[in-house]
Each structure stands twice: as structure tokens, then as C-alpha cells.
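Mind docking chain Z on chain B? Use the hints.
Listed below, chain by chain, are the residues.
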Amino acid sequence: MGRYIIRRLLQAIPLLFLLSVFMFTLIHLMPGGPDQVIFNPHLTPAARAAMRARFGLDDPVPIQYLKWLSRALVGDFGFSFATNLPVSYIIGQRFPATLQLFVPALLLALVLALFLGVISAVRQGTVTDYALTTVSYFGIAMPVFLFGVFAQYIFGVWLHVLPTSGMQTLGYQLDPFDAFIDHLQHLILPMCVLSILFIAGWSRYMRSSMIEVVKQDYMRTARAKGVGPVRLLIRHALRNAVIPLITVVALDFGTVAGGATITEGVFAWPGMGLLFFQSLQARDYPVLLAMLMISSVFVIGFNLIADILYAVMDPRIRYS
Amino acid sequence: MDISDQLNLTSTTEEEIEPFLEVTPALVQKRRSQARIIFDRFMRNKAAIAGAIFLILMFAFCFLGPTITGHNKPDLTHVTNVNDTLAGPSWQYPFGTDDVGRDTMARAMVGGQTSLIIGLASMFMAIVFGVGIGSFAGYYGGIIDNILMRFTDVILAVPFYLLLFVLSATFTNGSPLSVIILIAAFGWTYTARLVRGEFLALREREYVLAARTIGAKNLSIMFRHILPNAAGPIIVSATLLVGTNIITESVLSFFGFGIQPPAASWGSMIELGDNMIDVDPWLVFIPGMLIFLTVLSFNLVGDGLRDALDPYMTER
Numbered sequence: 001m002g003r004y005i006i007r008r009l010l011q012a013i014p015l016l017f018l019l020s021v022f023m024f025t026l027i028h029l030m031p032g033g034p035d036q037v038i039f040n041p042h043l044t045p046a047a048r049a050a051m052r053a054r055f056g057l058d059d060p061v062p063i064q065y066l067k068w069l070s071r072a073l074v075g076d077f078g079f080s081f082a083t084n085l086p087v088s089y090i091i092g093q094r095f096p097a098t099l100q101l102f103v104p105a106l107l108l109a110l111v112l113a114l115f116l117g118v119i120s121a122v123r124q125g126t127v128t129d130y131a132l133t134t135v136s137y138f139g140i141a142m143p144v145f146l147f148g149v150f151a152q153y154i155f156g157v158w159l160h161v162l163p164t165s166g167m168q169t170l171g172y173q174l175d176p177f178d179a180f181i182d183h184l185q186h187l188i189l190p191m192c193v194l195s196i197l198f199i200a201g202w203s204r205y206m207r208s209s210m211i212e213v214v215k216q217d218y219m220r221t222a223r224a225k226g227v228g229p230v231r232l233l234i235r236h237a238l239r240n241a242v243i244p245l246i247t248v249v250a251l252d253f254g255t256v257a258g259g260a261t262i263t264e265g266v267f268a269w270p271g272m273g274l275l276f277f278q279s280l281q282a283r284d285y286p287v288l289l290a291m292l293m294i295s296s297v298f299v300i301g302f303n304l305i306a307d308i309l310y311a312v313m314d315p316r317i318r319y320s
Numbered sequence: 321m322d323i324s325d326q327l328n329l330t331s332t333t334e335e336e337i338e339p340f341l342e343v344t345p346a347l348v349q350k351r352r353s354q355a356r357i358i359f360d361r362f363m364r365n366k367a368a369i370a371g372a373i374f375l376i377l378m379f380a381f382c383f384l385g386p387t388i389t390g391h392n393k394p395d396l397t398h399v400t401n402v403n404d405t406l407a408g409p410s411w412q413y414p415f416g417t418d419d420v421g422r423d424t425m426a427r428a429m430v431g432g433q434t435s436l437i438i439g440l441a442s443m444f445m446a447i448v449f450g451v452g453i454g455s456f457a458g459y460y461g462g463i464i465d466n467i468l469m470r471f472t473d474v475i476l477a478v479p480f481y482l483l484l485f486v487l488s489a490t491f492t493n494g495s496p497l498s499v500i501i502l503i504a505a506f507g508w509t510y511t512a513r514l515v516r517g518e519f520l521a522l523r524e525r526e527y528v529l530a531a532r533t534i535g536a537k538n539l540s541i542m543f544r545h546i547l548p549n550a551a552g553p554i555i556v557s558a559t560l561l562v563g564t565n566i567i568t569e570s571v572l573s574f575f576g577f578g579i580q581p582p583a584a585s586w587g588s589m590i591e592l593g594d595n596m597i598d599v600d601p602w603l604v605f606i607p608g609m610l611i612f613l614t615v616l617s618f619n620l621v622g623d624g625l626r627d628a629l630d631p632y633m634t635e636r
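Line by line, the protein sequences are chains B and Z. Residue 1 is where the first sequence starts when you use the working numbering, and the numbers rise one by one after that. Residue 321 is where the second sequence starts when you use the working numbering, and the numbers rise one by one after that.
It should be emphasised that the hints constitute simulated quantities derived from the structure, not laboratory data. Worth double-checking, as some hints may not be accurate.
Claimed, not checked - Covered stretches of chain B, as calculated for chain Z (at least 3 residues, CB under 8 angstroms):
id: 1; segment: 141-148
id: 2; segment: 249-258
id: 3; segment: 292-299
Keep in mind it's a predicted model, so treat the numbers as computed, not measured. Every residue, glycine too, gets a C-beta built ideally from N, C-alpha and C.
Isolated chain B (complex conformation) (with noise of 0.2 angstroms):
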């Protein structure tokens, strides 16, 4: 087990210097430059050579891309060419405010799919399980965004409950009470609309998994061994059928770093995905590099914790 895991954290290492490579490339591939977005339009020519000159873009791609690499392995991804702060100052402020959004959303999501895809499965081909299946359908079919519009003219502008944007409301110094329901008011509407999805999706997995473990021959054993149902399902079922799910959860898990990016941008959420959307417009190459080479770890990183996790569940899978 423990040479799987070093041989696929060596497999990683070619994977992300071939994807920043990619991205790299694909970076400076778009139109315009900083120059145009971010400098001020009344420099000289010669002040904006020189800031050109400083800022390091009129090197030779490559060399670019050499220049950044080396100082992204010791973990400096540069400045902002919009703000001049460290990136990973940037990053950092903002990550914080993604986890929070994130972080509460899956955990929601876990549990009410769990729920739901369990009775799904126990009161398979009733209503009740063909109301669910169908909720569950409706939520695939509706885009994130669109929910979300949805949902802020619903709360927001109709029955004017919710606030339909940012983190706070602006303008009052509100104390430490008052500011933390605030914010606590901003958060419910996007962190619901981004579990939906999630919801969607894993109950339906939930479901199946449900009732392929309830078919095994080991239920009927417990069954006709005398193990009452509440005590069946939960200590012999849900553990099985769970492991499935907690696989795809941990995969979905890994979107952490630019999975918001949709729910954010339509919510006005300061997070990593509205600096995504900011940086993308003011063409601030190092901020776009470093979200999306940290945004590949991740998906990497937790790609290989659900194969960890998978094997850890089920002593049958054995990696060699």
C-alpha cells in the first residue's frame, strides 16, 4: 500500500510539470497583456517599456515559463500585476472565504444525500421513492447558475428574506453579534444552492449502492439470523453501501480550489473563484497560474485520497 501511494505521487510529479506547461502556454496565448488591461494609459512609451522590462514580459516565453517554475517550486508564486501584493498573500485572503462556502455546502450535501438516497432505496418503487428520484432528476437538469438566479429572485427580491450578493452588507459597522448573523445571512443562499447539485448527484449513487448491498446474500443471513432492521440497515448495509459514495464525494471534494467559481460569480462571494473572475478579466497572468496549478493539486491530491480511502473502506482491494 504505502509503494502505491509513493508510486503515484511520483506518477503526479510528470502530470503537473506537463499541466503547467499547458496552462502556461495556454495563458499567454490570450489576447492582450497586462499592458493593456492593468498599466496606466498615460505612460510614456518609455516608462511602459520599462515597466514591461520589470514585469519581466518581454523575455521569450520559455524563459517566462522557466523564471516562474523556478520560483514556484520553492513555493513564491510572484506578484500581482494588478496589485502588487504577493499572490500567495492574495490567494490565502481569499481562500478562506471559499472554504467557508465550500467546506459547510458538502458537508449538507453528505448528509441529507445519505438520507435521502437510503430511503430512496429502502422504499424503492413507492412514492415516496419516485417523488425523491424525481427531485433528484430536477436537480441534474438545472444548471448552477440558474438555480441560483432562481433562488436570489425567490429569497431575495420576492419575498425579500435573504440578501442576494457579498459576504456583508456594506456601510454599517454592525457589532460582533449583529455582524455575525449577517454574514451568516449571506452565506445560506449559496451555500444551499451549491449543496443542490451535490445532492443531486449523490443520492442518486447513494440509491444504487443502496440497493445493490440490500441484494447480497449476507442481509438475508443477518436477516435470518434474527438482526432487527433498524440495527441491519445501519451496521450492515450503510457500511457497505456507503464506500462507493465516499469515493465520489472525495473526488468532488478536490473541486474545492475552482469549484465555486460558478456559485461565487453569480453570488458576488469573495472567494478564490471571483478572484479567478477578476484576474481573468485584468489579464493578471501570475494570480490565473497559481489558482489553476493550485486548483490541479488539489483535484490530484484528493484523487488519490479516494483511492486511498476506497482501499482503506474495503479490505478487498488490495493495490500492489
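Just chain Z, lined up with the frame of chain B:
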């Protein structure tokens, strides 16, 4: 009378079958072609039929609608008459008008044409590419498989939407064709994996060995023998892919990266309407529901096809 008579083990000749059939005509089953069997199984799935009917209606609405109903001016604005802007549903404008007086129904139809064409065309491109890569990887195995799957892994490791946003900033110029190529360029990975799995399994079958024995070339075996047998899951994933691509296109257009306003596509209509949602929610609601119902129908049809093509389901 020997034992074979008593056990009714006489050889079956036509003379002995026919009287049996005359006595029990209810047991006679007309021989159905494979396509007919699949069709019948699909028809038993009510949800799939509903989805298919809705899709037919939606295609008729988008492509035939402008000519039939006369709402064929999606860009004609009526700013002269203030009452005509941001209007609710009326007899003349069944879906209302937007902030500069354009007919929302005409825009919904023309936008639907754009969205549906983008969804279908990108699906075809992605399927062709995915089948190409998956078939070579699955059939040849070994190093070719390794390289192709590495390539697929690189594409998969980057978060889909981030990559799409960056690329659309680079490559698209607002034309549907660029959006199609963009969506197809990164949507083929699932199909490639699927096809690879199918080819890996199917290349061990006897008919492949037989074909090889009579001297069939590798390419011929791949595409004339194995591919038709792998067609089922490919068709299912193709149908689901259309729905996914329509969603992807609407996300791109919503954030300003795909079809730019005022060109109509369901996503760009939602983007325009989002700014005025407190005044006229219909502008968002109508294209939104159209996207939702179309994707839902594609999903239902895809699931119906999956159940109809599944060889392990007992014949009902």
C-alpha cells in the same frame, strides 16, 4: 415404441411443429428485429416517451416556430413605444418583451436554435474524438494506451470550468462555431474512457479472433466488428452529453464568455435578464425553464435508451 417416443424426443420436423402451433396460437411470437426490440423496450418507459415528445416539440418550436408563428424578428426593437418595453405576456408578445422592446418569444426561438445546434454539434465532435481516442487506446493497449490515457488525465486534472473560461477568453470571438469547438475540445474525456473500457472487453471476443484469422486488418476489426457492438453505451452517453453541453454553453454565455449579447442564445438571454430580475423576472424565467426542460428531456431519453439497450434486463 422406444424410449425416444415416450420422452417425446423425436426429431423436430415441420410436420410435428405445425399442429402444435395451430393448437396454441397465443405462444407464437413474431420474430422482431433487434432495433424493434429496443424500440419496444424504450416505448414502455413513460418518462422517456415524455422526454422524447418534448424534444420533438422543442425542436419544432425553435426551428419551425419563427416561420409558422410569425415571431421571426428577434432583433427588432420597439423603443418608440415605451409601453412595449419590459412588457409581460400579451397576445401579441406571448413571452413579453425585454428592456429595449425585443420580442422575447422570437429570441427564445432563435436562441433555442443556437443553443440546440451548439449542444448537438459539440456532442458530435466530442463523440468522434472520444471514440477515436478510446478505441485506439482500448484495442492496442500497452504503450499507446498509456500515452493516450496520460493525455486524458492531463485534461481531466484541470477544473473544467476554469479551463473553459481561460480558453474562451483566448479563442472565442462570440461565434457559435468557436463555442462548439471549445466545448467539444474538453468534453470528450468521459466518452474516451467509456469506449476504451468497452474495447478492452470486446477485443477478447471470438468474432475478433475469427476476423483476425481470416486476415482482417486492425482498423477494419475495430470499426466494423467491435464498434457496432460497443454502440449502446456510446449512444447513451452521447444523449446525456447533449444536455451537459447545453448547460455548459449557457454557463459560458451567462458569464459573458460564449455567445455575446445581443446575439440570442438561452444563456445570453439569462445574462441580460439577470440585471433586471427585480423588474421583469420573465426575462430570466423563460430561457431558464427552456434550458431546464430541454436538458431534463435529454436526460430522460438517455436513461430510457440505457434501459432499452441493456442486454441484462430480463425481457418484459
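Are there hints from earlier that the structure breaks, and if so, what are their numbers? none
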